[in-house]
Amino acid sequence: MALSDPIADALTMIRNASRVRKDRVDIKASGLLAEVVKIFKRERFIYDFRLIEDRRQGILRVYLRKAGEPTRKISHLARVSRPSLRVYAGREKVPVVLGGLGVSILSTSQGVMTGEEAKKKGIGGEVLLKVW
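Following our numbering, the numbering of the sequence shown begins with 336 at its first residue and continues without gaps.
Be careful, since some hints might not be right.
[Claimed, not checked] Computed beta-carbon distance windows for the label pairs: (1) 351 x 389: 18 to 24 Å; (2) 425 x 383: 33 to 39 Å; (3) 454 x 351: 28 to 34 Å.
Hint data in this document are derived by calculation from the structure and do not stem from the laboratory.
Every residue, glycine too, gets a C-beta built ideally from N, C-alpha and C.
Could you put the whole structure together from the sequences, leaning on the hints where they help?
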């Protein structure tokens, strides 16, 4: 089965695993997904992740936060930019999610970063997703 949007598929797998209270989820690895998962870890939406090498493209094993833990967990993941409709934001229009409680993730000319980091650097880019 060919994947038309691997980012949306990975987000759906993480969202579904979080809803049924799984401890971990395995998704197909890519460079962009690895950067997004690094941001999830840095922003403390997930506990940890690990790249598992196989003879193909690799697997990202994402360890999810538990509902009873004092830190936040993923309650919503929303894909903003899709292959059929790209969404870009200039440096002055980088989206803020829930008044700063959530995080927007952008793909910029300087790499994948949060909306807050992009604002500090004064750059815009493609709005990949929002998480809260």
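Structure versus earlier hints - violations, ascending order: Failing hints: none at all.
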